[in-house]
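J.: The primary structure of each chain is shown beneath.
2 protein chains.
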Amino acid sequence: MKHNRKVIVYIATSLDGYIATKEESVHWLDETEAAGDNGFAAFYETIDTVIMGKNTYDWVVNQELEEFPYKGMTCYVYTSSDTAVNNEDVTFVQGEVSELIQQLQRQPGKNIWIVGGGELLHHYIKENLVDEYIITIAPIILGSGIPLFKELQSNIHLQLEQVKKYAQFAELHFLKK
Amino acid sequence: MKHNRKVIVYIATSLDGYIATKEESVHWLDETEAAGDNGFAAFYETIDTVIMGKNTYDWVVNQELEEFPYKGMTCYVYTSSDTAVNNEDVTFVQGEVSELIQQLQRQPGKNIWIVGGGELLHHYIKENLVDEYIITIAPIILGSGIPLFKELQSNIHLQLEQVKKYAQFAELHFLKK
Chain E
1 MKHNRKVIVY IATSLDGYIA TKEESVHWLD ETEAAGDNGF AAFYETIDTV
51 IMGKNTYDWV VNQELEEFPY KGMTCYVYTS SDTAVNNEDV TFVQGEVSEL
101 IQQLQRQPGK NIWIVGGGEL LHHYIKENLV DEYIITIAPI ILGSGIPLFK
151 ELQSNIHLQL EQVKKYAQFA ELHFLKK
Chain H
1 MKHNRKVIVY IATSLDGYIA TKEESVHWLD ETEAAGDNGF AAFYETIDTV
51 IMGKNTYDWV VNQELEEFPY KGMTCYVYTS SDTAVNNEDV TFVQGEVSEL
101 IQQLQRQPGK NIWIVGGGEL LHHYIKENLV DEYIITIAPI ILGSGIPLFK
151 ELQSNIHLQL EQVKKYAQFA ELHFLKK
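Going down the list, the sequences are from chains E and H.
Each residue of the first sequence is one higher than the one before, counting from 1 in the numbering used here.
Each residue of the second sequence is one higher than the one before, counting from 1 in the numbering used here.
So that you can see chain E by itself, here it is in the shape it has in the complex (with noise of 0.2 Å):
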């Protein structure tokens, strides 16, 4: 049985595509007016599960938070290394992503978080995996950096299901068709 776990990409991006700088800093998204959490609460409600890639895992702890910012979470991280250690925080794994997302969804449970990097995004976007695109476009064109979409061979047919305006942030949520 196929339980009803969407598959979300939610994250912020200039006006010109892009998810971070090249050096992987995203201070542009602080530079720029934000009102409240532009939603992000209301969002992180949805969900259960945050999938990321090592490099997102390992810049998201090099912050030296006080605690992990998913704690609570089922978070899985994607790495090539077969010998990374789960500590209390996340799951390490491999493999094909399609793969985890099968397996999650035979599970009841809530939304699941594809957080990043752009490797990661790009083969659930490749592969189709995405049922929902929550993109926060922020008030910059920053010119250069990582891109939130990479080349594809083939379209990928959306449904705008609603826009909102956060302050400075436009936040656009489409469907999968």
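A few of these clues could be false.
Any copy will do: because identical chains look the same in the list, a pair fits if it lies in one copy or spans two.
When the alpha-carbon atoms are kept at most 25 Å apart in a straight line, the in silico DSS-like pairs for lysine-lysine are as follows [what the hints assert, rightly or not]: (1) 22 / 110; (2) 22 / 177; (3) 54 / 2; (4) 22 / 150; (5) 150 / 126; (6) 150 / 176; (7) 22 / 176; (8) 164 / 2; (9) 54 / 22; (10) 22 / 126; (11) 164 / 71; (12) 6 / 165; (13) 164 / 177.
Note that these hints are calculated values from the structure, not bench results.
With the hints as your guide, set chain H onto chain E.
T.: Chain H only, in chain E's frame:
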């Protein structure tokens, strides 16, 4: 005296930021469920001048429409050829894009629409000559094509003015900061 005639980029892109396929087709816009004119008529009322590149002009002419679609507008076409002959619809121009804009802003008039294509848009964006971006995002990931934004050496900070939803299109308005 400088008149307050805004330089406007008003254009549709795919979610991954392409203004056309690699074959210069925009058929994917027609495939998308539209609602009336998506605000085009109202926008068109605010301008009296259009500027485009020679490739875009040739593309328009090759559509074999009953009449030139920008009839009644002052229309400038950038070309690298110094033998192009003006006609009743268009004036061919060469040289720096900023010069024409300065010249137009010394005359009273409505706003100025930079129609395209990609190369010409890049010149205006790069030199920060664009006062307002109206970007209509279609619900499709094309995977490849002609990008609206090319690489730049520095950031451009904008201000989000409004977001609109036209059936399947999200329209974002940004002002130069």
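J.: With reference to the structure, classify each hint as holding or not holding.
T.: Comparing the hints with the structure gives:
For the homomeric pair residue 22 and residue 110, neither the shortest alpha-carbon distance inside one copy (33 Å) nor that between copies (39 Å) is at most 25 Å. Taking CA atoms no more than 25 Å apart as the test, residue 22 paired with residue 177 passes between copies only; the shortest distance there is 24 Å, against 32 Å inside one copy. Proximity of residue 54 and residue 2 under a CA criterion of 25 Å is satisfied in neither setting, with 28 Å inside one chain copy and 54 Å between copies. With identical chains, the CA atoms of residue 22 and residue 150 are at most 25 Å apart both within one copy (15 Å) and between copies (15 Å).
Taking the shortest alpha-carbon separations for residue 150 and residue 126, both the intra-copy value of 9 Å and the inter-copy value of 23 Å come in at or below 25 Å. For the identical chains of this complex, residue 150 and residue 176 are intra-copy neighbours only, at 18 Å inside a copy versus 28 Å across copies, given an alpha-carbon limit of 25 Å. When the C-alpha separation of residue 22 and residue 176 is checked against a cutoff of 25 Å, the pair qualifies only between copies, where the shortest distance is 24 Å, while the shortest distance within a copy is 29 Å. Proximity of residue 164 to residue 2 under the C-alpha cut-off of 25 Å is found in neither arrangement, the shortest distances being 31 Å within a copy and 36 Å between copies.
Proximity of residue 54 and residue 22 under a CA criterion of 25 Å is satisfied intra-copy only: 17 Å inside one chain copy versus 34 Å between copies. Proximity of residue 22 to residue 126 under the C-alpha cut-off of 25 Å is found in both arrangements, the shortest distances being 22 Å within a copy and 19 Å between copies. Neither within a single protomer nor between protomers do residue 164 and residue 71 lie at most 25 Å apart by alpha-carbon distance, with minima of 28 Å and 36 Å respectively. For a Cα distance limit of 25 Å, the shortest separation of residue 6 from residue 165 qualifies both inside one copy, at 23 Å, and across copies, at 24 Å.
Taking identical chains as interchangeable, the C-alpha atoms of residue 164 and residue 177 lie at most 25 Å apart whether they share a chain (20 Å) or sit on different chains (21 Å).
The earlier numbered hints that this structure contradicts are 1, 3, 8, 11.
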